[in-house]
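Visitor: Based on these hints, arrange chain B on the given structure of chain A.
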Amino acid sequence: EAGVAQSPRYKIIEKRQSVAFWCNPISGHATLYWYQQILGQGPKLLIQFQNNGVVDDSQLPKDRFSAERLKGVDSTLKIQPAKLEDSAVYLCASSLEGAAAYEQYFGPGTRLTVT
Amino acid sequence: QQQVKQSPQSLIVQKGGISIINCAYENTAFDYFPWYQQFPGKGPALLIAIRPDVSEKKEGRFTISFNKSAKQFSLHIMDSQPGDSATYFCAARGSGSARQLTFGSGTQLTVLP
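Chains A and B supply the protein sequences, listed in that same order.
Numbered per my numbering, the first sequence spans residues 1 to 115.
Numbered per my numbering, the second sequence spans residues 1001 to 1113.
Everything labelled a hint here was simulated from the structure, so no lab data went into it.
Just so you know, not all the hints are guaranteed correct.
Pair ranges (Cβ atoms, derived) [unchecked claim]: (1) A:D74 / B:P1040: 21 to 31 angstroms; (2) B:S1010 / A:L70: 17 to 27 angstroms; (3) A:L70 / B:D1079: 46 to 56 angstroms; (4) B:I1020 / A:P81: 38 to 48 angstroms; (5) A:P81 / B:D1079: 24 to 34 angstroms.
Here are the simulated DSBU-like pairs of lysine-lysine, each with C-alpha atoms no more than 35 angstroms apart in a straight line [claimed, not checked]: (6) A:K44 / B:K1057; (7) A:K11 / B:K1042; (8) B:K1042 / A:K78; (9) A:K83 / B:K1005; (10) B:K1005 / B:K1071.
We put the CB at the ideal spot given by N, CA and C, even for glycine.
For reference, chain B alone in the conformation it holds in the complex:
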């Protein structure tokens, strides 16, 4: 029940295109859903996050769409750029005392110039 399933495993997009990464969860007690971006040799960095009482959040070219009834959320990267090439992880935070993050398995995004 603590799993977060992420797809696709890898994604290749042309510059200027839209990148879409999907995640699904089972645990309805999750209360915070961040997306992290990780470049090679670096630690993950928070990109954008959403709480379950909101259906969409947009920050610049990055948008999270959240479907509470389907227990799914997705990251959309508009006007994808070669600099966006990285690994993206979705995550979900538990509501217990530890409030730990459970991460998806990651999506390696390549944006072709």
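For reference, chain A alone in the conformation it holds in the complex:
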């Protein structure tokens, strides 16, 4: 079974530039998550999708971050404009829907450096 795919793996941008990350979840997983992991901290949920609808985006800085999940499969997370404090690893995860949705499977992440 293929895992969660993310690209790019690394990205370096200057502040005020924009950046986009892509995620392809495990086939059949209805729920998709984007997390931000700052160095030395645990992952923090940014947004959760159920199919192509948003379930929770309460911790997403909506003035600069946006995310979409077209057709309930792939997802993109965008930052515009980036700030220095956005430097982090952005993790995508997916899980099954409903009662079986205990385990979240994480991708390798995208390491973003904002200079």
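Guide: Frame of chain A, contents of chain B only:
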């Protein structure tokens, strides 16, 4: 109330020793407590998990002990091996419609050969 507090921040253990990582929570509505293992450059991977109606769960060398009244749970790694060297995160899942995971701050474990 959504916080999960994890300690210690780092842990060094000799090969064959026992590694113990502790977590505490406040929100009594959490209904699932997983532990994730993360190697450098990789995403977290589920290691073992427990529900609050069970006091202990063991899988191989890994054991979760859960104390519901104290709102604490811990991970014990028996016979620790150098390959166990990684960062470990505890987490707790909310019981609302989103069922989101709240992660602890992580423990960097080093097992010396």
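Visitor: It remains to establish, for every hint, whether it holds in the given structure.
Guide: Hint by hint, here is what the structure shows:
1. Judged by the Cβ atoms, the range 21 to 31 angstroms given for D74 (chain A) and P1040 (chain B) holds: they are separated by roughly 27 angstroms.
2. Roughly 42 angstroms separates the CB atoms of S1010 (chain B) and L70 (chain A), a value that falls outside the hinted 17 to 27 angstroms.
3. Range check, L70 (chain A) to D1079 (chain B): Cβ separation about 48 angstroms, and the 46 to 56 angstroms hint holds.
4. A C-beta distance of roughly 44 angstroms is found between I1020 (chain B) and P81 (chain A), which places it inside the suggested range of 38 to 48 angstroms.
5. A hinted range of 24 to 34 angstroms for the beta carbons of P81 (chain A) and D1079 (chain B) is inconsistent with their spacing of about 50 angstroms.
6. Restraint check: the Cα-Cα separation between K44 (chain A) and K1057 (chain B) comes to about 26 angstroms, which is no more than 35 angstroms; the hinted pair holds.
7. Only pairs whose Cα atoms come within 35 angstroms are accepted, and K11 (chain A) paired with K1042 (chain B) is accepted, the gap being roughly 16 angstroms.
8. Taken as a hint, the K1042 (chain B) and K78 (chain A) pair is honoured in the structure, with Cα atoms around 21 angstroms apart against an allowance of 35 angstroms.
9. Distance restraint check for K83 (chain A) and K1005 (chain B): the Cα-Cα separation of roughly 28 angstroms lies within the 35 angstroms cut-off, and the hinted pair is therefore satisfied.
10. At most 35 angstroms may separate the alpha-carbon atoms for a hinted pair to count; K1005 (chain B) and K1071 (chain B) meet this at roughly 11 angstroms.
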